[in-house]
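A.B. asks: Here is what each chain is made of, one letter per residue.
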Amino acid sequence: EAQVTQNPRYLITVTGKKLTVTCSQNMNHEYMSWYRQDPGLGLRQIYYSMNVEVTDKGDVPEGYKVSRKEKRNFPLILESPSPNQTSLYFCASSLWDRVDTQYFGPGTRLTVL
Amino acid sequence: EDKVVQSPLSLVVHEGDTVTLNCSYEVTNFRSLLWYKQEKKAPTFLFMLTSSGIEKKSGRLSSILDKKELFSILNITATQTGDSAIYLCAVGSFNNDMRFGAGTRLTVKP
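Chain order of the listed sequences is G and V.
Position one of the first sequence corresponds to residue 1 (the numbering used here), numbered consecutively onward.
Position one of the second sequence corresponds to residue 1 (the numbering used here), numbered consecutively onward.
A portion of the hints provided could be inaccurate.
[To be verified] Incomplete in silico selection of chain V near chain G, CB under 8 Å:
id, residue
1, S32
2, K37
3, K41
4, P43
5, L46
6, A102
Hints are computed from structural coordinates only; laboratory data are not their basis.
Quick caveat, the model's predicted, so the values are computed rather than measured.
We put the beta carbon where it would ideally sit given N, CA and C, even for glycine.
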């Protein structure tokens with residue numbers, strides 16, 4: 001089954017404790033992206049990647065890091081999480097030339113205390 | 001600065017009503033406009049629009065794009081309680097980024 005998976009689905013952590021949210025897709029997609037969703041703000045793009053070893057900043061990259069060492073994986077790293085990073089995070093993927101038809105993962109709800 | 005603006009932000013109707021959701025945009029290198037439905041999980045794709053004036057339909061839902069006036073509408077006729085969700089509008093550009101609006105929260109009461 002074609003899918004985008006994220007782990008963990010729920011996470012409660014404390015300020016400053018480094019964490020990684022994993023994202024994996026099995027569709028051989030070149031394009032992968034991370035979004036955060038906050039009430040009243042819709043989805044905002046954090047980072048995206050057009051292919052292995054190629055990453056670009058989205059609208060809200062501050063406080064986040066990503067890496068793309070393999071085509072199928074695109075982890076989101078919070079080196080020192082802060083409460084304003086409490087949000088619902090979505091990973092998405094698509095073919096490189098079909099960015100407008102992205103497949104979304106199930107979401108990760110992160111709470112930073 | 002690129003932006004996507006949806007209106008209204010929230011809407012409450014009764015079953016059987018018809019609703020119109022709006023999405024206006026200012027995006028450089030426009031490629032496509034998409035509508036998603038989001039219940040308590042990831043957004044699910046509804047429509048992708050790239051050409052002006054061509055209505056897309058799926059059951060009771062339809063959508064159209066006006067590239068001259070830079071907006072799109074999503075119509076839902078004969079609403080049902082199962083239509084209650086957040087409806088998201090997104091615009092993709094040839095720069096390979098996606099910009100979402102804040103969404104319209106639709107509540108359909110029995």
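A.B. asks: Would you mind marking each hint as holding or not holding in the structure?
C.D. replies: Now the hints, each set against the structure:
no.	hint	in the structure
1	S32	holds, 4 Å
2	K37	violated, 12 Å
3	K41	holds, 6 Å
4	P43	holds, 6 Å
5	L46	violated, 12 Å
6	A102	holds, 4 Å
When each numbered hint is compared with the structure, violations occur for hints 2 and 5.
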